[in-house]
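Use the sequences and the hints to build the structure in full.
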Amino acid sequence: MIKDQDYLKKIADICLSRSKKLGSTDASILVQSSVSENINVRNKKLDGSERSENLGVVLTTYLGKKKSSIASSNLKESNLNELVDRCIETMKITPEDEYNSLPDKDLHFSGLKDLDLYDETHLSNEDKINYIKEAEDEAFSNNKIVNTNGSGFGENKSNFLLANSNGFADGYKTSQFTAYCEVVSKSNGSMERDYEYTSKRFYNDILKPKDLGSIAADHAVKKLNPKKIKSEKISLIFDKRISKNFLSIFASAISSSAIAKGTTFLKDKLNQKVFNTEININDRGDIKKANGSRYFDSEGIGIINLDLIKNGILQDYLIDTYNGKKINRKSNGRASGTTNLYFENGSKTFNELIKSEKKLLYIKETIGHGTNIINGDYSVGASGIMIENGEFSYPVSEITIAGNLNNIFQNITLADDLEFNYSTNSPTMHVEGMIVGGK
Amino acid sequence: MTSLLKNSELSIEKADKIVSETLNSCDDGELYVEDTKSETIVLDDNKIKSSNYTSDLGYGFRAVTGDTVAYSHSNEISEKSLKNSSDNLKSTLKNNSGTYNSEIKKTNQKLYKDIDPIESKSMKSKIELLNNMNEYARSKDSSVKQVTASLLAEKKNIEIIRSGGELLSDNRPLVRINMSVMVEKNGRKETGVYGIGGRQDYDEYLKNDNWKKVCDEAFRIANTNIESKPSPAGEMKVVLGPGWPAILIHEAVGHGLEGDFNRKKTSAFHDLVGKKVASKGVTIIDDGTIDNRRGSLNIDDEGTPTERTILIEDGILKNFMQDRLNARLMNTKSTGNGRRESYKHVVMPRMRNTIMLGGTNTQEEMIKSVDKGIFAVSFGGGQVDITSGKFVFNCTEAYEIINGKVGAPIKGATLIGDGPSSLKEILMVGDDMMLDPGIGTCGKAGQGVPVGVGQPSLLINNMTVGGTQL
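Chains as they are written, first to last, in numbering that gives the first Met the number 0: chain V, 0 to 438; chain B, 0 to 469.
If you're looking for bench data, these hints aren't it; they were derived computationally from the structure.
Hints are supplied without guarantee of correctness; some may be wrong.
[Unchecked claim] As a list, the in silico DSSO-like pairs of lysine-lysine whose alpha-carbon atoms are at most 27 Å apart:
id : chain 1 : residue 1 : chain 2 : residue 2
1  : B       : K46       : V       : K65
2  : B       : K123      : B       : K112
3  : B       : K120      : V       : K91
[As the list claims (entries may be wrong)] Which chain B residues face chain V? A few, computed with CB under 7 Å, are given here:
id : residue
4  : S10
5  : L56
6  : Y70
7  : V464
[Unchecked claim] Some, not all, of what chain B presents toward chain V, calculated at C-beta under 10 Å:
id : residue
8  : D44
9  : A69
10 : S121
11 : N393
In this text, a Cβ means the ideal position worked out from N, Cα and C, and glycines have one as well.
Take a look at the structure:
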């Protein structure tokens, strides 16, 4: 069972009162409790079950502008006391940092909590196994699917309390139901794997098992017997599961920490055209039941909705208290990063996009970590499908795609097929003229 | 021996009783208890940005029968909590029964000292060191615009209680010193990153002002990259430098030789034991027994002593890396590769220090033999698709080779290759085998574990370079 708010409050009080007693001028604390149960199935047979019960506390103490933190999973009072003592001792000898402080009291969240972020549905292990077996059954009904890498179902429930010495104390429960199916296809000596994944706060919102299995199988089969193509400059279409990665890159490039340090290619680009004029990017924390929704960030600051990109122009950064002070801006509640970040729909249909040029490469998977936020260089391994005259023709693998994000962002055209499946969501994306490295 | 349970509400006798009673009808399993203390201090943007101390205590209780694993973990170390876990394991495995295999090799292996690297250096001197690193790096050139330096130390004590009351333990220190420098010149920004570490006290790594060399190296890489030109795209010959570039070996073949993927037949290597998978002269080992190395362990996380496992010998595939579960199902022995990130994670076959042994060629002759290609000296991260065998890694320092000579530095590019075929494309193996500086963390199924790599310089016939210059 996850712990209730009273229990979390008791732990928070022990730490906050002891750090005050030992001389800290300010303190903030996060106490968390979660329980997750995961089932893994392979070839329609139970492969493993896992139950985890997690407790944790993170305490930050301040002495004026000095700061130190401790974290622990051992919530016994004697251990907590020992750790608070250690935290205070370290804090005293840590140099001052003029930007250290608790968040602005006026920005603390206060309001209704009506976003529906917790589904108390509990599935027995039997139910979980049945769900995932049904998905694998469906995947194996495709005769080119010969094996699975494992498929799984997870249920996570968590509760937390965030409190600080300025009187903030709030927390709430969230839930997450996740299922994935990863299968292996084989044909003519070629072996490929692919997957489908679904994760929602409410059990009723996740994909139906048959859909999960058939989509995974379809992905894996379409990759079979790939060709390697010649190096060339070609326009790419990014599948929705890849196009959303550009939003994550964009988010790290406009974090106030990177902006303050100057370690991003989007520094000094506020109010400038970063994307083409048809692109709009929003970050909304108040979508009911959505994966990225939250009431306040990890400092207790209420979430406001941000129009980050409007008609291609950069409107705002993602700001927390510490880095906000460095750039002379107030926090906009993004100490824990983005909430539900998405590109607004474009004006073209998917079919119009894939028919927009005679030859296009459809990217379904990228591998590697080849994104350089500092200068915008982008180079990753990729696989996908060649599109000729608007038709999917043959799979392609062992290639690289490269460019610079400054150019890539200016050359994006979006389809109108946005769905809210994850916390970061994008429609299908067309990017003109990237360099493919192949034969 | 004093147990990690000594200050808890759970006595070792009670724990023994629950473990034995739960596991007797299973093939394998154990209670794994872990007490980890870690400390991270970060200097960023001229300030000590954070000092975090973490104390983590918990257990993971595992029962294995056939190929089914039941796992339950918790931070609450009490009889009640362990009984709940036991019930949970039993309900998962209720339709199965097995015969407990109590056999586990004993060892007196002592590859690192039982020290606490967090306590052996004062907070004051750690802060002073970070400030010195910051000042020294910034003083190197006015083009240095940003410096991030960090110190990480960890003391992980683990204990494995097996059915029948057998108790195995290991105390593992680990430190890492990191440096990142950003240089800005003529409107261009580039970074250089370098680090050192292993299973000894900080002071062992700081001898002879070694921290200056860490700063020098990070600055040198950043400064080299500021002059870099766009990388070529397409297939070409690649010369790899010695040491850290062995993450190519780790990605290209290491993961594909882990027992689980081969037992499940999802690895591109699963039916290649005894077959030629690499050029003649290529020998690759996975060694958990090198003193003080980041990837070394006295015993793995199932209690099996680590060993030096030969994976590929003179081009022929010899062995996979095994944990107990996959070894049992493949009728072989554990090679001591059963590892987990923490008590919150299930055991899987994982690499330790993965090394290609040296050959007879010199780096000079490799470069001389290349008309058009690249010379890759250092890499960032890598990744592999086990099933298709395709792997990538990202160059952080590379140069073009033209007509047998090293030319201009080129921008960070991704290299992509095919695991099973790339080792056959090795044309020369260098005589300059080197281990990495002790910084690697390998990720698999969401779990990160410290690893090491090593290799001599290599000449690879054909790899695809992901540049922008056609």
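Status of the hints after comparison with the structure:
1. B:K46 / V:K65: holds, 11 Å
2. B:K123 / B:K112: This hinted pair holds, its Cα atoms lying about 24 Å apart.
3. B:K120 / V:K91: holds, 17 Å
4. S10: Since the shortest Cβ distance to chain V is 16 Å, the answer is violated.
5. L56: With a closest approach of 4 Å, the L56 of chain B hint holds.
6. Y70: The hint holds - Y70 of chain B has a Cβ within 7 Å of chain V, the shortest such distance being about 4 Å.
7. V464: holds, 6 Å
8. D44: Status holds, d = 5 Å.
9. A69: Holds, about 5 Å.
10. S121: Holds. Min distance 9 Å.
11. N393: holds, 5 Å
Violated hints amount to a single one, hint 4; each of the other numbered hints is respected by the structure.
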